[in-house]
Amino acid sequence: MLTMKTKKTDFSDIDWSAFPDAAGHFDIHGGCFAAETLMGAIGDLQRAYTTLKNNANFQAEFDEDLKYYVGRPSPLYHAKRWTEAVGGAQIYLKREDLNHTGAHKINNTIGQALLAKYMGKSRIIAETGAGQHGVASATIAARMGMECVVYMGEVDIARQSPNVYRMKLLGAEVRSVSSGSKTLKDALNEAMRDWVTNVDDTFYIIGTVAGPHPYPMLVRDFQTIIGREARQQSLEQTGRLPDALVACVGGGSNAIGLFHPFLADADVAMYGVEAAGEGLETGKHAAPLCKGTPGVLHGNRTYLMDDDDGQIIETHSVSAGLDYPGVGPEHSWLKDIGRANYVAITDDEALTAFHDAMRYEGIIPALESSHALAYGVKLAAKMQADQQIIVNLSGRGDKDINTIAALEGITL
Amino acid sequence: MSRLALRFATLKEQNKAALIPYITAGDPVPTFTVDMMHHMVKNGADIIELGVPFSDPAADGPTIQLAMERALAHKVSLTDVLAMVSTFRQQDNETPIVLMGYLNPIEKMGYLAFAKAAAVAGVDGVLTVDLPPEEASALALILQQHQLDRIFLAAPTSTLPRLKKIAELSSGFLYYVSLKGITGANILNVAEVEQKLKAIRGMTDLPIGVGFGIKDASTAATVGGIADAVVVGSVLVKHFETYEHDKDTAHIQQVVGEVLLAMRQTMDEV
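Chains W and P, in that order, give the protein sequences. Take 224 as the starting number for the first sequence in this note's numbering and just add one per residue. Take 42 as the starting number for the second sequence in this note's numbering and just add one per residue.
Same shape as in the complex, but just chain W (with noise of 0.2 Å):
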């Protein structure tokens, strides 16, 4: 068997620079798991970014559309009610949701919108969940002139109703997935399908930090202006770094967005809050890092849901955004080398959390982000008031209402 080879230390040892490795690799975890009809287009991304990560005009056209059509940078906020009504640690929350189009995702779109554009790429295809992905790839699309294809679960489709409007709204097609569980993942097959189609024009907007190598590092690469804000505001407005981090986990990259700048710091500590749903213990939840084991799916190695026999089984969240059996490779070798934490939070915990933020900050937040201000608060209840954490609140939860009104019993 697959056994590690990077050992749980001080991580003062640790070349986080090095990971992952050309090949894509996160020790075992990760690499590229592709059949061979998608190698030619992998290995094309490979090179074009391998080149365009280095290039000048690309940082700095991707750097002016964060600055000036995303809005960033985004506020580090010190939530001063809510820390003083938990009674712990200073809570901060890095507010992604007032990016345009309302999460962190915008940053990824864009960054592979221009990878698209600068390898001559007219038709843009993405998966979503929550929707959240799919409305910023669509967005990013009108704003491109490309033509854009969103597949989406047939479950996710009829509990996020407002982003699907959004996306035909922005002109994207959203094409209905049926196979399946009907969610992320299945949307994920039929993107891939699409993709070694239509390999010639199109390219494939991943949403999260999973799939084959190199979209795990790329993603990583374009959602990291979080953490490096996060960390310069934190010098700035606090003088010295938070003591944690807290960020949802479905794929994991608003996590690693946050998490990576941070990594060399050792006293940081980071803690990725995955969906316990209805609780670890009954199974039905979305949270294969704290439960699940290594296996491969989507084009990576990493911790999956799996049974017995190998097959990928359905997962359980309120959340459409968290509820994903596969998480990032880099989220897994984080785990596996003691770097991070990872933990659950029930859908019952977010629903409050969610609440908590409303009516403590007037923040509406997306109920994928909940899941880290419930853990958030928890934690930082633990911890003394001289103590600061940063919350991860990727996203606004304006398009959770109807599943909140529809959980409470209040028809709209």
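Please keep in mind that the hints were generated in silico from the structure rather than gathered at the bench. Warning: the hint list may mix true and false statements.
The calculated lysine-lysine pairs, modelled on BS3-like cross-linking and capped at a C-alpha distance of 30 Å, are [claimed, not checked]: (1) LYS405(W) to LYS288(P); (2) LYS507(W) to LYS601(W); (3) LYS303(W) to LYS605(W); (4) LYS391(W) to LYS340(W); (5) LYS391(W) to LYS405(W); (6) LYS276(W) to LYS303(W); (7) LYS157(P) to LYS206(P); (8) LYS288(P) to LYS256(P); (9) LYS237(P) to LYS256(P); (10) LYS239(P) to LYS57(P); (11) LYS116(P) to LYS514(W); (12) LYS116(P) to LYS276(W); (13) LYS507(W) to LYS116(P); (14) LYS279(P) to LYS116(P); (15) LYS303(W) to LYS601(W); (16) LYS290(W) to LYS303(W); (17) LYS558(W) to LYS514(W); (18) LYS405(W) to LYS116(P); (19) LYS601(W) to LYS514(W); (20) LYS405(W) to LYS279(P); (21) LYS239(P) to LYS405(W).
Take the given structure of chain W and dock chain P to it, following the hints.
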């Protein structure tokens, strides 16, 4: 000599291309598969490609996806598939069997445990769709140690250096995917295929099978004229869909047998 090598050698002497039908193990019900395999041999199959059900077959089109869903409704596992091969071998010790599937069930069983069990069951070759050469060395070595052939895909988009790598790792035969896309997609372009096969033949003496997009007997015959083997899947598997309405496996067996036989006869006429 392995069953695959022997079969290809025999066919070469007869100046024939191999006909390789694909079915998904356990589709539409687990009890049907072994009978169907024997029936396909009777109707002209030289080698059988047996699909191992997987919940997320991202490289397959809707026909094969549905086949896998039907099999998984009966919880058909990799262990069950190997048991089917064992049963088949009680009556047929000549027809080579290639397992085609995705990596995760093999990862779950463990490479070594899988290779041992597959060799004991009478499997001849293994094609793992989502395992490109770059990631394949560990599994390929273990398969080789258990005398199991390593079948890899080559695609229209595979560059020459990639084709070389694929040819080096392959044994038994090399599987050329004749079009861009998923299983069951468009009709292939014969001239394009012929050109690519020429390039591949410059790198390997292995027999080359061509699959994806072969939908009728005349295309099978044309491809059989330029390749060493013709792989047909979706065109057969779509006939399994009627089971949902009539629960009639005998009908499936008859229709699929007829389609195969027509292909065999047309291929042999050329």
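message: Let me make sure I understand: some of the numbered hints might not hold for this structure. Which ones are they, in numerical order?
response: The structure breaks hints 6, 12, 21; every other hint is satisfied.
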